[in-house]
Amino acid sequence: MTDTQTAGAPSTGTAASGPAGGKKDEKQERIASLWSDAWRDLRSNPIFLIGAFLVFCMLVLSAVPGWFTSGTPFAANACTLQNSLKPPTGENWFGFDVQGCDIYTRTIWAARNSVIVGVVTTTLVLTVGGALGLLAGWLGGIMDSILSRITEIFFAIPLLLGGMLIMSGREGNAWTVSAVLATLGWPQIFRIMRSSVLQHKNNDYVVAARALGASTVRITLRHILPNAIAPVIVVGAISLGVYIGAEAALSYLGIGVQPPEISWGLMISDAKDRFLQAPHVLLFPAAALSITVLAFIMVGDAVRDALDPKLR
Amino acid sequence: MGRYLIRRLIQAIPVLLGATFLIYFLTFALGGDPVQALAGEKKADPLVAAMLREKYHLDDPFLVQYWNYLTGVLQGNLGETLNGRQVLDLITEAFPYTVNLAIVAFAIEALVGVTAGIMAALRRGKFLDQLVLLSTLLVISIPVFVTGFVLQLLLGVELKELGFDFFPVSFNESDGFKAYLLPGFILASTSLAYVTRLTRTSLMETMRADYVRTAVAKGLPRRRVVVNHALRNALIPIVTFLGADLGSLMGGAVITENIFNINGIGGLIAQAIRLDQGTVLVGVVTLLVLVYLLANLIVDLLYAVLDPRIRYA
Chain A
97 MTDTQTAGAP STGTAASGPA GGKKDEKQER IASLWSDAWR DLRSNPIFLI
147 GAFLVFCMLV LSAVPGWFTS GTPFAANACT LQNSLKPPTG ENWFGFDVQG
197 CDIYTRTIWA ARNSVIVGVV TTTLVLTVGG ALGLLAGWLG GIMDSILSRI
247 TEIFFAIPLL LGGMLIMSGR EGNAWTVSAV LATLGWPQIF RIMRSSVLQH
297 KNNDYVVAAR ALGASTVRIT LRHILPNAIA PVIVVGAISL GVYIGAEAAL
347 SYLGIGVQPP EISWGLMISD AKDRFLQAPH VLLFPAAALS ITVLAFIMVG
397 DAVRDALDPK LR
Chain B
47 MGRYLIRRLI QAIPVLLGAT FLIYFLTFAL GGDPVQALAG EKKADPLVAA
97 MLREKYHLDD PFLVQYWNYL TGVLQGNLGE TLNGRQVLDL ITEAFPYTVN
147 LAIVAFAIEA LVGVTAGIMA ALRRGKFLDQ LVLLSTLLVI SIPVFVTGFV
197 LQLLLGVELK ELGFDFFPVS FNESDGFKAY LLPGFILAST SLAYVTRLTR
247 TSLMETMRAD YVRTAVAKGL PRRRVVVNHA LRNALIPIVT FLGADLGSLM
297 GGAVITENIF NINGIGGLIA QAIRLDQGTV LVGVVTLLVL VYLLANLIVD
347 LLYAVLDPRI RYA
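Residue numbers (this note's numbering), protein chains in the order written: chain A, 97 to 408; chain B, 47 to 359.
So here's chain A without its partners, still in its complex pose (with noise of 0.2 angstroms):
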């Protein structure tokens, strides 16, 4: 019905032809579950591929700075104040700041807390409230009625300002701002679950297994978490995006990261003031947090629409 799917089904159609192909297409129908069909869709579908390749991008360099620079921005001749503010050339890609420090060592060792908080963040979230969205669905009762009215007092609190509460007065790393991201993010994960896990309870295959004799904590792990945490990954995918944005706004507050740390949050407010005078010094880590944050919600976006049975 889409332009996606009408390309898609020849190029995987090819792709299912070669040599391998056989073998491989035969050992996916006998799974035919809704990943695999949802793999074979993402394969072919380029709003996936560019993500993923500049989601790859980010952690190779955020895990190797040293690749993609030879100079470190935390050495002590790093900058020279001769070069304050200079504009782009040859040699300096992304020229230099108000310090007279190169932008471009700066924007990609900054890669590096960005994707720590995002990383740290979303795993925290997606353990904790996807625990806790398992036990309260699958359980219910009163275990379901606390747990639910806990996450409906922490959905009320806006998550900037909530985060900017909490990390006044606090030291700023990575690490603290990830906790109180955390902290303030995992109901939502918890109600995704929770309502998922609801959704499947009642399911024949529930059923079956229970009458086959399995166990609660069997049912749980082996048949309803598989079925249910679609939808948590593609959320958890898509908010890592915005938890990188939201330690980028903490940062750029004030709050955040602090210095002699380096972050795109950092360097973009460090630059305001002087936006109108060399636009340079704001745009250039405000281009790399954009692609960061746009490549996860990429991928986020074409995981939903592959595993939407209604999009078929």
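Simulated from the structure, these hints should not be mistaken for lab results. There could be a bad hint or two in this list.
Stated by the list, open to error - Computed spacing ranges between beta-carbons, pair by pair:
| no. | chain 1 | residue 1 | chain 2 | residue 2 | range |
| --- | --- | --- | --- | --- | --- |
| 1 | B | K101 | A | G237 | 26 to 36 angstroms |
| 2 | A | G237 | B | K264 | 20 to 30 angstroms |
| 3 | A | L294 | B | L352 | 18 to 28 angstroms |
| 4 | A | L294 | B | E207 | 38 to 48 angstroms |
Claimed, not checked - Covered by chain A, according to a simulated footprint, are these stretches of chain B (three or more residues, beta-carbon under 8 angstroms):
| no. | stretch |
| --- | --- |
| 5 | 62-73 |
| 6 | 332-342 |
Just so we're clear, the structure is a prediction, and the values are computed from it rather than from any experiment. Glycine residues also receive a C-beta, built at the ideal position from the N, C-alpha and C atoms.
Assemble the complex: chain A is given as a structure, and chain B must be docked to it using the hints.
Just chain B, lined up with the frame of chain A:
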């Protein structure tokens, strides 16, 4: 209806209590020393410090402090800062700016977002639809403070040099409504993109419903089918989003106010953080929690207006 309203209001009480407790706990039980913050870099004079601690009950156990605060709030007293200003006064000074800004943003978000979403949904897969999808994706990914600075440069400075002075770079109260236009748009941008996408998906789904097919088969004009039949039902998730967003617009105004020098809630919060004035922070966030709860209640009541199948006993 009346009984439903009362039940909902009663249900809101534990949420409000829980939220204020959480906020109070996070600020004071874990926060820094406000008396030292008042003294700044110097060491606080022990006599003055002791006097302040005595006056503001800072040495009481945490739960006692919270109880005192809560009973104060119920009597309309949000407490005072350590330099003697009433928190309620500070908030009433700053609040109108933020409310105006949020209203402008909300109007832009609802009008532009829903219109763009409808247009995209009705031209599914066409150029306009792709354009809307792509531009919303970009707007969602670019952080508000970046959009803010770029638009401030493009519309506030460059456009003014060309002779169009519609968007003042810095906020000035005497500009009236015009002063809120650009900040409001920037504040709305991210939510605007979400509303557009939500409208698009929701309307596309509703257009496939049986009752829409019936309406088309009856020979109703397309405009009537879309606006009176499909859109009304498709609006439910959008209204839900808009309601929840009202609170976050006021919270998110911190950054927009920072860019355009508006002395609203955002400026107040930034100042409170710098001076470690926990009471101000708690007061502001409590107020926003109230806004959030109220907006949610209105949304729930709107459901019954939009979808006649929903009734509240």
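field: Numbers of the earlier hints that this structure fails to satisfy, in rising order
entry: 1, 2, 4
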